[in-house]
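Sequence order for the protein chains is A and B.
So that you can map any letter, position 26 of the first sequence is 26 in the working numbering, and since no number is skipped, the others follow by simple counting.
If you want the working numbering, it's the position in the second sequence, counting the first as 1, plus 1000.
Think of the hints as simulated: they come from the structure by calculation, not from any bench.
Mixed in with the good hints, there may be bad ones.
[To be verified] Counterexamples of contact, computed for chain A against chain B with all Cβ distances above 10 Å: (1) Ala20; (2) Asn22; (3) Ser38; (4) His121; (5) Ile159.
[Unchecked claim] Now the in silico label distances, taken between C-beta atoms and shown as ranges: (6) Asp113/A <-> Leu1023/B: 46 to 52 Å; (7) Val118/A <-> Leu1023/B: 30 to 36 Å; (8) Thr76/A <-> Pro1065/B: 16 to 22 Å.
Bear in mind that the values here come from a model prediction, so they are computed numbers and not experimental data.
Ideal Cβ positions, reconstructed from N, Cα and C, are used throughout, including at glycine.
Below, each chain spelled out in residue letters.
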Amino acid sequence: MSDLYVDMSVITLLAVTAVAINNIRNLFATAMLSGIFSLLSAALFVSMDAVDVAFTEAAVGAGIATILFLGALMATGHGRSAPVKDSKFALLLVVITGAVLIYGTLDIPHYGDPSAPVHQHVNPYYIEQTRIAIDIPNAVTAVLASFRGYDTMGEVVVIFTAGIGVLLLLGRVGRSTASKGKGRS
Amino acid sequence: MIHHLVLRIVAKLLVPFILLFALYVQFHGEYSPGGGFQAGVIFAAGFILYGLIYGVDQYRQVISPDWLRRMAALGVLLYIGVGLTTLLMGGNFLDYDVLADHAIQGQHMGILLVELGVGITVATVMMSLFMMFAKP
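Model the full assembly from the supplied sequences, consistent with the hints where possible.
See below:
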């Protein structure tokens, strides 16, 4: 029962943070609030026993992403975002999308339902074989690095590619100082 | 940023612990939550904290952008290298069973190496991202 109260209060705080992010025009505050949003999501994941996901969310979402936002703010020097005119159409669109999403959740299995399809397919095999074939306590690591090692390789390549992309866009290495102004635009 | 004495001292005290914690998350990922991704990000966060407090110029003196790019490639190559090694040793791609005499030992070794590759790439990509954003 107390789990339910924790979940409800965290979800309420998430909603409040999201509304605040939407309303505040000060970009520094927005960056900080998005960090808080990530931290609250991490708390929600912990309460759902998904500690590995929570760890990643806290480290990436609340940590690195916030720092990169701050770095971008420092680089551009913009303190405030331009005021946006409230649009009735946009509100309507968001409400309709939200309603459709909530309608979609009515059809999916309840949280923790052992008969849900996701727990029927390969999951039992992974849980069983982690002990037999790999023999490490953390099944998440076993799935990530061994059972689905090929997928994780793709993810590492994606991160590497993203790094290369940013280097190409923002990197100054090997470029002469004369073309500096040209490259900025 | 130069005159924040408390921040500078606290950061200097914290950075070694952050890096140590990242290594713990990296090499203890088989037993507790965590793994290469999280460890890499935490490791990078330690350096980025240093960069935020002491300035990007000093950050650049600690680690060169050139070195970061090489390490990012090295992580990916380590991962793929483990896969190719298993292929050469007679198994499937990324089938760690063949890495050691005992299949479970091979799995442990493979997971450790692969996670190390993930950690190196994630940490160095994050560090160079910060470097790019901090001083474009």
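Self-check item: Beyond 10 Å from each Cβ of chain B, as asserted for Ile159/A
Solution: Non-interface label fails for Ile159/A: nearest chain B Cβ at 5 Å, not farther than 10 Å.
Exercise. Using the beta carbons of Thr76/A and Pro1065/B, state whether their distance is inside 16 to 22 Å or not.
Key: About 21 Å separates the Cβ atoms of Thr76/A and Pro1065/B, which means 16 to 22 Å holds.
Quiz prompt | chain B versus Ser38/A - minimum CB to CB distance exceeding 10 Å, so not interface | solution = holds (12 Å)
Self-check item: Outside-interface status for Asn22/A - nearest CB in chain B farther than 10 Å
Solution: holds (24 Å)
Exercise. Confirm or reject the claim that Val118/A and Leu1023/B have a C-beta distance inside 30 to 36 Å.
Key: holds (34 Å)
Exercise. Compute the least Cβ-Cβ separation between His121/A and chain B, then decide whether it is above 10 Å.
Key: holds (21 Å)
Self-check item: Leu1023/B and Asp113/A - C-beta distance against the hinted 46 to 52 Å
Solution: Violated, at about 39 Å.
Quiz item: Does Ala20/A really sit off the interface, with its C-beta more than 10 Å from all C-beta atoms of chain B?
Solution: holds (24 Å)
Checked against the numbered hints listed earlier, the structure breaks hints 5 and 6; every other hint is satisfied.
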